[in-house]
Amino acid sequence: MSQILKGGCYCGGTTYTIAIPDKLPQVVGTPHKVPTSILDHCGKCRKTSGSLFQAWIVVPKPWITITYKYKEGSGGKLVEFQSSAHGTRSFCGACGTNLFYDSSKKKAMVEDMDGVVYLVNVTIGSLDEESLTHVELVKPKLHVWWDHGIGWIKEAFTTAGQGFGGLAKYPTGDVRQSPEELI
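Offset between the sequence shown (1-based) and our numbering: plus 3.
Please note that a few of the clues may not be correct.
What the hints assert, rightly or not - Listed below are the simulated DSS-like cross-link pairs for lysine-lysine, each with C-alpha atoms no more than 30 Å apart in a straight line:
| hint | residue 1 | residue 2 |
| --- | --- | --- |
| 1 | K108 | K144 |
| 2 | K144 | K109 |
| 3 | K72 | K157 |
| 4 | K109 | K9 |
| 5 | K36 | K109 |
| 6 | K47 | K80 |
| 7 | K144 | K9 |
| 8 | K9 | K142 |
| 9 | K157 | K80 |
| 10 | K108 | K142 |
| 11 | K108 | K9 |
| 12 | K110 | K144 |
| 13 | K80 | K109 |
| 14 | K36 | K110 |
| 15 | K80 | K9 |
| 16 | K157 | K144 |
| 17 | K26 | K9 |
| 18 | K80 | K64 |
| 19 | K142 | K64 |
| 20 | K72 | K9 |
| 21 | K110 | K47 |
| 22 | K50 | K142 |
| 23 | K144 | K50 |
These are computed hints drawn from the structure, not numbers from a lab.
Predicted model only: the values in this text are computed from it and were never measured.
Construct the entire structure; sequences and hints are all you get.
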């Protein structure tokens with residue numbers, strides 16, 4: 004029996020499932036098991052995501068099944084962009100949702116899998132809400148490209164017990180209330 008994570012793009016034209024075995028396999032030669040969830044601070048991920056860092060869940064490519072549900076003429080399916088000599092980013096061709104990062108350099112031996120497999124980064128934010136409740140699988144466990152991160156973001160991650168905790172917390176996108184009214 005395996006756990007299934009589900010996700011997809013904003014418009015629903017591209018959906019995917021990730022089938023994760025009950026016993027999480029080790030990536031040979033590393034201290035990590037897959038899936039591994041990470042926060043990526045590299046400049047390319049920052050630019051392509053439009054965010055200050057990118058949250059990924061890293062899984063073997065054979066675990067991913069992609070389904071397309073595009074209407075005729077929607078310009079759908081995945082659009083690939085080669086962002087480096089070794090890396091390809093995949094976005095929904097209709098709504099533009101950032102979904103995957105695949106690198107020809109990111110291959111490994113994974114316990115209980117035959118031969119070398121490619122490891123694919125899947126955007127955690129594209130997971131369905133129900134899949135995000137699998138905290139043990141999707142909660143980031145490490146930062147990568149830390150030296151490339153934005154100073155004040157890194158400071159927020161390293162300020163013991165504070166982080167972004169001091170920011171006003173609006174229950175919706177309506178910010179007309181004063182922060183004092185939220186208490």
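Okay, the hints, checked on the actual structure:
{"no.": "1", "hint": "K108 - K144", "in the structure": "holds (22 Å)"}
{"no.": "2", "hint": "K144 - K109", "in the structure": "holds (19 Å)"}
{"no.": "3", "hint": "K72 - K157", "in the structure": "violated (39 Å)"}
{"no.": "4", "hint": "K109 - K9", "in the structure": "holds (23 Å)"}
{"no.": "5", "hint": "K36 - K109", "in the structure": "holds (15 Å)"}
{"no.": "6", "hint": "K47 - K80", "in the structure": "holds (23 Å)"}
{"no.": "7", "hint": "K144 - K9", "in the structure": "holds (20 Å)"}
{"no.": "8", "hint": "K9 - K142", "in the structure": "holds (15 Å)"}
{"no.": "9", "hint": "K157 - K80", "in the structure": "violated (35 Å)"}
{"no.": "10", "hint": "K108 - K142", "in the structure": "holds (25 Å)"}
{"no.": "11", "hint": "K108 - K9", "in the structure": "holds (26 Å)"}
{"no.": "12", "hint": "K110 - K144", "in the structure": "holds (20 Å)"}
{"no.": "13", "hint": "K80 - K109", "in the structure": "holds (24 Å)"}
{"no.": "14", "hint": "K36 - K110", "in the structure": "holds (14 Å)"}
{"no.": "15", "hint": "K80 - K9", "in the structure": "holds (17 Å)"}
{"no.": "16", "hint": "K157 - K144", "in the structure": "holds (15 Å)"}
{"no.": "17", "hint": "K26 - K9", "in the structure": "holds (19 Å)"}
{"no.": "18", "hint": "K80 - K64", "in the structure": "holds (18 Å)"}
{"no.": "19", "hint": "K142 - K64", "in the structure": "holds (20 Å)"}
{"no.": "20", "hint": "K72 - K9", "in the structure": "holds (15 Å)"}
{"no.": "21", "hint": "K110 - K47", "in the structure": "holds (20 Å)"}
{"no.": "22", "hint": "K50 - K142", "in the structure": "holds (22 Å)"}
{"no.": "23", "hint": "K144 - K50", "in the structure": "holds (22 Å)"}
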